[in-house]
Amino acid sequence: MQASMRRSGKVDASLLYKVFGGVLFLYLFLGFMVVPCLNTLTSIFTIKDAAGNTDPFAVIRFFFAGNMPSFVMNSLKLAVTLVITVNIVGVSIVLLTEYFDIKGAKILRLGYMTTLIYSGVALVTGYQFLYDKDGMLTTWLLQIFPNMNRQWFSGYSAVLFTMTFACTSNHALFLRNAIRGIDYNTVEAARNMGAKPFKVLFKVVMPTLLPTLFSLTVMTFITGLCAMSAPTLLGYNSINPEIVRLAGSTVADEAFPQARAALLSVILAMFTMILLTILNHYEKKGHYLSVSKTKAKLVKQKIQSPVANVLAHIYAYALFIIYMTPVVMIVVFSFQNWQAIRSKTLDFSGWTLINYFGSQDYSYTTSRGKTKVRLDAISGVFANEKTLGGIRLSFVLSALAAALACVIVVVAVNYIFKHRNKKRAALVEGCLLFPWLLPTILICYSYRIFFNQKIWYVFGNNMYYAENVRFLIVMAYTVVKLPFALRMVKAAFYAIDDELEDAARNLGASQLVTFLRVKLPIVLPSVLAVFALNFNALFTEYDMSATFHSSYGTSYAMVIQSMCNEEGRDGMNMNASGRRCASTVFIMVVSGLILYLVYGVGARDLGERLERKEKRRKRWAKLTGKAAN
Amino acid sequence: MIQLKDIIVKFGDFEALHNINVHVKEGEFFTFLGPSGCGKTTTLRTITGFIEPVSGTVSMKGQDITHVPIEKRNIGIVFQSYALFPTMTVHDNIAFGLKIKKLKKQEIEEKVKTIARKVDLSDEQLAKAVSQLSGGQQQRVAIARALVTEPAIICMDEPLSNLDAKLRVQLRNELKKMQKDFGITTIYVTHDQEEALTLSDRIAVFNKGYIEQIGTPNEVYNFSQTEFVANFIGDINRLESGLVQGLKLEGSKHHFIRLERVRVNRTKEEQEFQAQGVIESREYYGLYIKYYIQVAGQTIKVIEKNDGINIYEAGESVTVGIHPADVMSYPAEK
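Each protein sequence line maps, in turn, to chains A and B.
Mapping the first sequence onto the numbering used here, position 370 (from 1) lands on 370, and the numbers just tick up by one.
Just add 629 to wherever you are in the second sequence, counting from 1, and you've got the numbering used here.
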């Protein structure tokens, strides 16, 4: 025991903290992770037959007898093909912006990275805006090919297309870092030994990217398997939409829907566990690390063949157009009136701010020839209480959950590092990584079913009832974001020199002061980055919103979806699409701003901040000096 | 000033320090020297309170501080990495300990400015982030932070090990000057014998958790008490059978001679043993030249001052002279 711990007062206080922390952690882990999921698992085997006897294998028999395997097969098909397409596009965008010398690479990179601020339901609806039966591109194509299928953008191919471009964010972040970490001397050495540029690419560069690519492949596979928003909105019968449908169904409609949903969730969990075990095993083998002591920065490679160079440029800009068109269209049409949006044609006289601010009435003639006026049928995001309410709710719940995940993880990682190499630290880490093994939908479904009754350990409340559902959403949001937050924050804690803690203690700081004033400020940029990434992802997420959808839990994604469904019906919500565009723009601005503040401003160290301050001071002095002159 | 008595430290079943006894005098620059894993840092951390011994006592000015908490020992530490808080300015780094002690703001300002002046840090540098300073300036901040709380002693754990060779030499001199100016008792940990010899008043040479010898730099270099110390401090030749017989030395012992004590092409002195040798190769160091000479069936290393005239070529025959009084002999280690 350390000398400082001997003082009886301190021992008591720290023991109290430890007991309180331990009990709270166990309560959260058991109450909000283990018990609800266990309940889902047992529900599969506790089906009662007509005679009231338990039939543990009823659902499994039903699974093989009915069409349930088709949902699993569809999800697998999507996952497998998505791995191929996402890797092709993901590797392409990274090579085109980081490895090859392509003109306008900086602009291209910005376009490829739009998925960081434009994701989830916003992205899917963006694609719908362009490609669905009334979409802009479809309308335009129909003018050229009147006989083409209006519904061409639906089902498997539409989901695959949309998700291919939606799921390259991780490539844009992590593969980019990996390629930037390559020692250029190795490329030069290969060239010096006579290797041609493409040989260098495949024999020297790509092998060093393989570990990152493998991780990304596994994550993409899981994303495809657990896909929710794209299959739901574009109409594809995969596992997740079916789970949500079954969760909302009753025994009066069909045979034991809850147990079937549970079975599908468990199947998904099994796939996820297998894949993560493979990933974990692979990651333990280690990555290729540069052994160079003087690493040279990668120099972009010119494509020597003029034909290949032109083709590469065409490919790069074609991808750019695919990424950027929905974003640009959303921005442009957010300033168009509802008539222009409906007809999907730009009306240069129809510029308006009505999708953002203010409201207008709408008069229309009924089938009986009467003229009716629908008050405030056309309204902006900031004037429409329902839209604003959805945004506000999503904003608050996402911010709360992102912050809660960060707080839990920072405290836990501090504990893990303090007790590293001890079993209890490994146990805490294992508990926090536990949600990774479970698909999001399993957690949400388990919450929805388990907490839809009075539970003693939440003070006898039904947490799915009325406003309580918001607490449930925050808990679900938090739980699913814990593993990601843990990995990122843990990496940040590795950067803290042990001697800093010793120094603070030597100077008389208590453990709490050392944590708050020395360690926390060091990891804060990373914690804020985790907060921002989690917040952005949760703000527009669809899966959990759909599972918890209720009158008290209508998040932004669900508000948008329901408004667009009833657009124009009985003169209501005439500009729902315009408002959707405006709200997407608003969210992109908020997400972009948060990312800028966190990565741009927050990532600067104290030295950089002081240097900038000094420059500003000098500039100001120069300006005021001139003014005085 | 600081006394360690029969200190034993264990990590699990592993005994890291075995019966360590040291007495550091007031105002002394005392160095713990030894290879990696020998126990020097563990001893330092026992003094500072980061490690509690399983037995033995640590006392300061006659008072037992073995179980006194780290922050109450009044010991300043300069860490290997300096451990400067990267999110604070130089000023805030130095003021950290004073703020923890809840001193008045004005008093903190005065103390920070005074110590900054003493370690040659300007007001402009105080407003900077530590990342904006050079290695040498960072070291001064670390020293200022350790000294500002007016500790009874200061402990330094390899503070020069992360710096390049040139800066290391420069800062070594600054460190010595500062220690003399402040007159503070200093315990210094290093594995670099040159650093230990140039800086210290006394040195404790550690090996495998034991102290092999405590003495002045001259004592540990010229009168090494053990074979380990003789080998660890400076470069040395072990004499093999040919030379041992020639010098009529005891065959059951191990015999060593420092490089600079071997004489080349000199007039024979009384009792000196001389033998013919051949230059195998040489290394040119500017100030001196190191020769590898084949003599009496072994290769010995010799250092000769570079006078620009007597420079021997490889293959050249030379006379090698060794005085028995210069030979250090130790019982053969089992």
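Hints were generated in silico from the structure; no laboratory data involved.
Any given hint might turn out to be false.
[Stated by the list, open to error] With a straight-line cut-off of 25 Å between C-alpha atoms, the simulated DSS-like cross-links for lysine-lysine are:
id: 1; chain 1: B; residue 1: K806; chain 2: B; residue 2: K654
id: 2; chain 1: B; residue 1: K639; chain 2: A; residue 2: K422
id: 3; chain 1: A; residue 1: K423; chain 2: B; residue 2: K639
id: 4; chain 1: B; residue 1: K809; chain 2: B; residue 2: K740
id: 5; chain 1: B; residue 1: K701; chain 2: A; residue 2: K418
id: 6; chain 1: B; residue 1: K740; chain 2: A; residue 2: K418
id: 7; chain 1: B; residue 1: K747; chain 2: B; residue 2: K806
id: 8; chain 1: B; residue 1: K795; chain 2: B; residue 2: K919
id: 9; chain 1: A; residue 1: K613; chain 2: B; residue 2: K634
id: 10; chain 1: B; residue 1: K701; chain 2: B; residue 2: K654
[Unchecked claim] Going by beta-carbon spacing under 8 Å, a handful of chain B positions derived as facing chain A:
id: 11; residue: F679
id: 12; residue: S710
id: 13; residue: Q761
[Stated by the list, open to error] Computed footprint of chain B on chain A; a stretch qualifies when at least three of its residues, placed anywhere within it, have a C-beta under 8 Å from a C-beta of chain B:
id: 14; segment: 184-193
id: 15; segment: 506-516
id: 16; segment: 595-609
Quick caveat, the model's predicted, so the values are computed rather than measured.
Using N, Cα and C, we set each Cβ at its ideal position, and we do this for glycine too.
Quiz item: Can you give the numbers of the hints that this structure goes against, from lowest to highest?
Solution: Hint check: 6, 9 and 14 fail, others pass.
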